[in-house]
Amino acid sequence: MARFVLRRCGLVLPSLLGLLIITFLLIHAVPSDPAAAMAGDAATPEQIARIRAQYGLDQPMWRQFLVYIAKVVQLDFGESAFSHRPVALDIFQRLPATLELTFCSLVLSIGLGVPLGVVSALKHNAWPDYLLRIFSVMGIAVAAFWFAIMLQLLFAMNLAWLPLRGDLSSTMTRPPAITHFLVLDAVLAGRWDVFGDALRHLVLPSITLGLGGLATIVRFTRAGVLDTLQQDFVFYERAMGYRRMRLIWVFILRNSVTATVTQIGLLFGGLIAGAVVVESIFDWPGIGSYTVNAILTGDKQVMLAVTLLVGAIYAGVNILVDVVHGMLDPRLMDRA
Amino acid sequence: MIPALGVKGLKVSIRTDDGVARVLDDVGLTLERGRILGVVGESGCGKSTLIRAIMGILPKGASVEGGEIWFEGENLLAFSEKELNTSVRSSRIGFIPQDPLLSLNPVFKVGAQLLEVMRWHAAGTRRDHIARLVMLLKRLQVPDPENALERYLHQFSGGQRQRLLIAAALSCAPGLVIADEPTTALDVTTQHQILGLLRELVGEFGLSLMFVTHDFGVVAELCDDLCVIYAGQTVEQGTVESVLQAPSHPYTRALLACHPDRATSFVGIPGMVPSPLARPAGCLFAARCADVQVGCLAARPPQGIAPSGAEVRCVQFA
Numbered sequence: 363m364a365r366f367v368l369r370r371c372g373l374v375l376p377s378l379l380g381l382l383i384i385t386f387l388l389i390h391a392v393p394s395d396p397a398a399a400m401a402g403d404a405a406t407p408e409q410i411a412r413i414r415a416q417y418g419l420d421q422p423m424w425r426q427f428l429v430y431i432a433k434v435v436q437l438d439f440g441e442s443a444f445s446h447r448p449v450a451l452d453i454f455q456r457l458p459a460t461l462e463l464t465f466c467s468l469v470l471s472i473g474l475g476v477p478l479g480v481v482s483a484l485k486h487n488a489w490p491d492y493l494l495r496i497f498s499v500m501g502i503a504v505a506a507f508w509f510a511i512m513l514q515l516l517f518a519m520n521l522a523w524l525p526l527r528g529d530l531s532s533t534m535t536r537p538p539a540i541t542h543f544l545v546l547d548a549v550l551a552g553r554w555d556v557f558g559d560a561l562r563h564l565v566l567p568s569i570t571l572g573l574g575g576l577a578t579i580v581r582f583t584r585a586g587v588l589d590t591l592q593q594d595f596v597f598y599e600r601a602m603g604y605r606r607m608r609l610i611w612v613f614i615l616r617n618s619v620t621a622t623v624t625q626i627g628l629l630f631g632g633l634i635a636g637a638v639v640v641e642s643i644f645d646w647p648g649i650g651s652y653t654v655n656a657i658l659t660g661d662k663q664v665m666l667a668v669t670l671l672v673g674a675i676y677a678g679v680n681i682l683v684d685v686v687h688g689m690l691d692p693r694l695m696d697r698a
Numbered sequence: 082m083i084p085a086l087g088v089k090g091l092k093v094s095i096r097t098d099d100g101v102a103r104v105l106d107d108v109g110l111t112l113e114r115g116r117i118l119g120v121v122g123e124s125g126c127g128k129s130t131l132i133r134a135i136m137g138i139l140p141k142g143a144s145v146e147g148g149e150i151w152f153e154g155e156n157l158l159a160f161s162e163k164e165l166n167t168s169v170r171s172s173r174i175g176f177i178p179q180d181p182l183l184s185l186n187p188v189f190k191v192g193a194q195l196l197e198v199m200r201w202h203a204a205g206t207r208r209d210h211i212a213r214l215v216m217l218l219k220r221l222q223v224p225d226p227e228n229a230l231e232r233y234l235h236q237f238s239g240g241q242r243q244r245l246l247i248a249a250a251l252s253c254a255p256g257l258v259i260a261d262e263p264t265t266a267l268d269v270t271t272q273h274q275i276l277g278l279l280r281e282l283v284g285e286f287g288l289s290l291m292f293v294t295h296d297f298g299v300v301a302e303l304c305d306d307l308c309v310i311y312a313g314q315t316v317e318q319g320t321v322e323s324v325l326q327a328p329s330h331p332y333t334r335a336l337l338a339c340h341p342d343r344a345t346s347f348v349g350i351p352g353m354v355p356s357p358l359a360r361p362a363g364c365l366f367a368a369r370c371a372d373v374q375v376g377c378l379a380a381r382p383p384q385g386i387a388p389s390g391a392e393v394r395c396v397q398f399a
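Sequences listed follow chains A and B, in order. Taking the numbering used here, the leading residue of the first sequence gets 363, the next gets one more, and so forth. Taking the numbering used here, the leading residue of the second sequence gets 82, the next gets one more, and so forth.
Bear in mind the hints are in silico, worked out from the structure with no lab data behind them. Since the model is a prediction, treat every value here as computed from it, not as a measurement. All residues carry an ideal CB built from backbone N, CA and C; glycine is no exception. Do not rely on the hints blindly, as some may be mistaken.
[What the hints assert, rightly or not] Chain A regions said to be covered by chain B (calculated; three or more residues, Cβ under 8 Å): (1) 401 to 415; (2) 610 to 622; (3) 688 to 694.
Could you put together the complete structure from these sequences and hints?
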């Protein structure tokens, strides 16, 4: 098992290097002069030249890249051209908010998606199945920005059940940032009012972000269970007199979720990409809105760092998916 | 004496997109206690559906349209799904499937799966259950029985897997065991060993065994009685000696003539099995029968007794 994971990690490193090279080239292909942007509109050509020399921007690109790689290995992602704070620190403080959001969406989409998929398969071609299929097509097709605005209009504006935006009401004082996960920090500080308020703020963004994943998981689970139901072992297990609930929720489900687990790994990439949109709409103080700002202001250090981070998270999640596959199906482990 | 299993005039239909398929159309058989009944027929004759009907696990869209299934004097068709699951399957009727690799769940340890069945269907404590499983595996010559329970199915060889599933079928001490071509996937030597073991187990554990196969060679080696099914109908039933020595139904004769041990050249029965969607009015075998007469096409032939003592569905013996 440990060897399996190590080997996967070894395979991930070249992918991340490739990702970094491509991003680096792409960002440098954009015709903008970071030195000029940093110096401001009123800067003289001499000032711009000085900044260029100071940041090594006058060096050839391969040398810039090597310097960058050397820094990245030490987890130094440079500093933001605008806030002049280390990018690593910004990310460290903002990533937890995004992780909180993606985690809630994932829990929502798996916790609802898998049971609904099973129900859809068991009620194959009956009304619950039709209903769920319509729902899942809509869930995949609907645009997140539109859905988010509809949720805001209904639940925040008209019904006023849930907060419109942000991660905490402005009347609340923030608990001390120990983990930077607001919900956790609230628990650690014993601030149950903040805890409840933070959870209420999580609802609408999580639903928006989780909808596509939920719909995908319903469909994949449904297909997996339908496929499993046809298999001989289901007849055998029924003939052996296993309990129906056990048969469905353990034996059949465990054999059906392989595709779903793969899909969850892929979904995670979509969730982080989706966070960019959702965080902008809900004004969520995470990596997504941070990235949008960086792109709008041409902050290259931030763009590079965030791309690498998202790549690393994505790779990490997919290693995890492989491990889960191995645990679900021991035949894979023996082959590996 | 009440037979272990008696099926009378069983009819099962499946609704399909193309119409109603009469998969079983008057199947009858009797399995006396302590005996081994071979059920023989070509692929698609309804053998699997017969097993499913007895176990009460028909596929979607299938239903029993008529007939009776008597199990140790009780009408199985009157049992609810819940009653079957709690008090018949495993505990009173054991099942040995055709392909063990496609039957036991690949992602759970063998022992855990079998012990779970025993928890619901066998008397005694978990310790008793483990002891019984180990005893059975030892009896079935599975090497290192204690460790076998901790392994997964794919870690066993083909013959070992089949032995495991025979142990599984016997784990809750049923009186009747139904086997669905359990030796088809095995090589001849292993098949011979397994058939020998089954024969011994029937005596040792006081079982009645219904053995479904398409292979007359296996029937000759293992069984006491024989039931030949063609196109969802029982066409001949009798003791193995009587039927194999003097096959009476033209289909049985044709089938035996095709058996590689008897046939001098590679021959088959001409024609096709009639589709279950459109069964002819007369004898179902008439279109392929060498001895067909005018009356054969008009109405289904009644059951008669042949000189060999077998029950035969053919106008010659009516």
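Against the structure, the hints:
{"no.": "1", "hint": "401 to 415", "verdict": "violated (count 0)"}
{"no.": "2", "hint": "610 to 622", "verdict": "holds (count 3)"}
{"no.": "3", "hint": "688 to 694", "verdict": "holds (count 4)"}
Checked against the numbered hints given earlier, the structure breaks only hint 1 and satisfies all the rest.
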